[in-house]
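Residue-level listing of the chains:
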Amino acid sequence: MSSPSDIMPDGLDTLHEPARTLSYVDAIREALDQEMTADERVFVMGLDVDDHKAIQGSTRGLLEKHGSDRIFTTPLSEDAMTGVAIGAAMAGRRPVHVHIRMDFLMLCMNQLINIAAKSHYMYGGATQVPMVVRSMIGKSWGQGAQHSQNLNAMFAHVPGLKVVAPSNADDAKGMLIASIRDPNPVVFTEHRLLYFTEGYVPEEAFTLPFGKARICAEGADVTLLGVSNMVMECLRARELLAEQDISAEVIDPVTLVPLDMETIAASVAKTGRILVVDNAWTNCGFSAEILARLVESGAADGAKLRRMGFAPTTCPTTPWLEEHYYPNPATVAGSAHEMVKPGSDWMPDPERARLTYQMQFRGPF
Amino acid sequence: MIGSAPKKTTGDTAFLYGQLRLIRRTEERIAEVYSTDAIKSPVHLAIGQEAISVGVCANLTKEDIVGCTYRSHAAYLAKGAPLNEMMAEMYGKSAGCAAGKGGSMHLISKEFNVLGSSAVVGTGVPIATGYALALKQKNSKNVVVCFLGDGATEEGVFSESLNFAALHHLPVLYVVENNGYAIHEPLEKRQSRPDAICERVATYGINTVRIEDQDIFRICDESSAMINRMREGGGPAFLECLTYRWREHVGPSEDYDAGYRSDNEVADWKQNDQLDRLAAMLPNDEFVAINSRVEVVIDQAFAFAEDASAPAREELFAHVFAE
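One line per chain: the protein sequences are H and V, in this order.
Taking this note's numbering, the leading residue of the first sequence gets 13, the next gets one more, and so forth.
Taking this note's numbering, the leading residue of the second sequence gets 2, the next gets one more, and so forth.
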């Protein structure tokens, strides 16, 4: 196992008082275990949560410790199983419904949008839906069109759903526990490539607040706002920019709904530039929402705004095409550099821009 | 707990008649007032179908749970939930069971354990199933009754939910109110074997019963037996009751001139109306007393709804998220 400093770019390792290190996947597993231990209402369901692969390890050991009444697989019936989770939540249980890819949430949309999001409002506060929908975004090694999508903007569009996308182990644990304890439906989005990343994570159960963005690294010249794994790409881009005497501030919104615009606006006021880097398409996307709010509030007056995301096409499996599909530290750094020094065509060496966690990963998913 | 008694007493008959009468007259009054636009909500009237809700719910305690469709007035009232709050809901008032935000299609009663009803066909089936999962997890002796229409049996979640309920032996009774139409489309145009719903369900290993004549006592007895087995861990059960919707799909009127069905169809069902049947079984003084009591209750509910205050503007943003 590598030490955290090998894996994590600058920034994240200074966020907390030193504690023991934990991987993102183990942080999720530990959060589930601690909440299942502390609260008998918490249970975990989803296809393959109890098999030998344990959702890439994120549910490992839970069956042995908590038994098959508390963690069980489901039929391949995502639509009804989402309804079952909602019904159980209305009855006072605390279900965590797990999907190994976010793409599969398309099969859950009716229940999530028409029931989960609306019930508390539609029934005048007479019922609550305290459930968590965990899902994972894939990337590379042939994930392609139907295993790589981040659909958070669709969920963020609808009032009544909270949307979380942690970028590091500490947030993964603190936000998952907060999500389980929250009285609302929470769409909790994980990224497969982050599973190996390590960070300092407290051993005890703890929560982090919804609607509180993280300033991962401070800077003066440009704000890089990354979503989910794009936080890691932005932190690496920040290192590359520093070599060019550009100081980038990196912000992670952590929760897309509710959204901490205050922290984002304050950063833009300081740097005068913001590059939003989403791990999703830009069209009608979360990046558009952030920039629109900055403009509407006047926080963007005089500031330079730019965004990056998936290329406006379907994700291909072949690596020769896929490498042009995602933003990466090189394209992020190049774009930010141009914002700070207009007209420049500087681009970092692509080899130096690669991230440790991408070099570590060899599939299969 | 009427259905557990094999012999019908006058008291049972009076109770069932009172429930039927309350629902029938409430909906007739809704239809009468509808043209004034006081009710700003689509209404899906259950007139003609009441015996199913009343017969099944007679076997339930207050702690048992009922999930219903958007044609939910009958089940809501049969479960004992308050008429005042239902009417206030239909009038869009804050005193409504959903604070005026749900209307006729989204009735709910936390106190009387009526699950919120949904306007999207079939969506309540897995919700009720999930509620049954929670009951099992809590080792409860209570049961869930999930009402649905024949149209919902065509939705994917219907099959998915039945499989899951059977797999986990959940305490849920699915009750299909088969009125033969989904909006205006007859079952024969929608299902390859319209008389085989029970047959399909039985393949999941679920006990099924089909009642074709809407006999309220038989509905009561069959559901009672199923519910009693469920309370002892017997797993899910399925009851299909044929019935007929006397009014249009949505709205207060009849629509036999619309061309998709003829009034010949309804004639037999009206002959077999369970409300008339039970009325004829009661002593006259009891019949009169129940009728007049029902009218008083309905008068009070309409007055309550009219007098209740409208929601304040800031209510628009209340309950988007639970605190």
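Any given hint could be a false lead.
Across the chosen pairs, the derived CB separations fall in these ranges [unchecked claim]:
1) Thr330(H) / Val121(V): 35 to 43 Å
2) Pro214(H) / Glu112(V): 49 to 57 Å
3) Pro171(H) / Gly157(V): 20 to 28 Å
4) Val251(V) / Met121(H): 45 to 53 Å
Here are the simulated lysine-lysine pairs, DSBU-like style, with alpha carbons at most 30 Å apart [unchecked claim]:
5) Lys77(H) / Lys139(V)
6) Lys77(H) / Lys142(V)
7) Lys111(V) / Lys94(V)
8) Lys94(V) / Lys77(H)
9) Lys137(V) / Lys111(V)
10) Lys282(H) / Lys224(H)
11) Lys65(H) / Lys190(V)
12) Lys142(V) / Lys63(V)
13) Lys282(H) / Lys353(H)
Hints listed in this document are in silico derivations from the structure and should not be mistaken for laboratory results.
A virtual CB, placed ideally from N, CA and C, is assigned to each residue, including glycine.
These are the hints, each one checked on the structure:
no.: 1; hint: Thr330(H) / Val121(V): 35 to 43 Å; in the structure: holds, 40 Å
no.: 2; hint: Pro214(H) / Glu112(V): 49 to 57 Å; in the structure: violated, 42 Å
no.: 3; hint: Pro171(H) / Gly157(V): 20 to 28 Å; in the structure: holds, 26 Å
no.: 4; hint: Val251(V) / Met121(H): 45 to 53 Å; in the structure: violated, 25 Å
no.: 5; hint: Lys77(H) / Lys139(V); in the structure: holds, 19 Å
no.: 6; hint: Lys77(H) / Lys142(V); in the structure: holds, 27 Å
no.: 7; hint: Lys111(V) / Lys94(V); in the structure: holds, 18 Å
no.: 8; hint: Lys94(V) / Lys77(H); in the structure: violated, 50 Å
no.: 9; hint: Lys137(V) / Lys111(V); in the structure: holds, 19 Å
no.: 10; hint: Lys282(H) / Lys224(H); in the structure: holds, 18 Å
no.: 11; hint: Lys65(H) / Lys190(V); in the structure: violated, 46 Å
no.: 12; hint: Lys142(V) / Lys63(V); in the structure: holds, 12 Å
no.: 13; hint: Lys282(H) / Lys353(H); in the structure: holds, 17 Å
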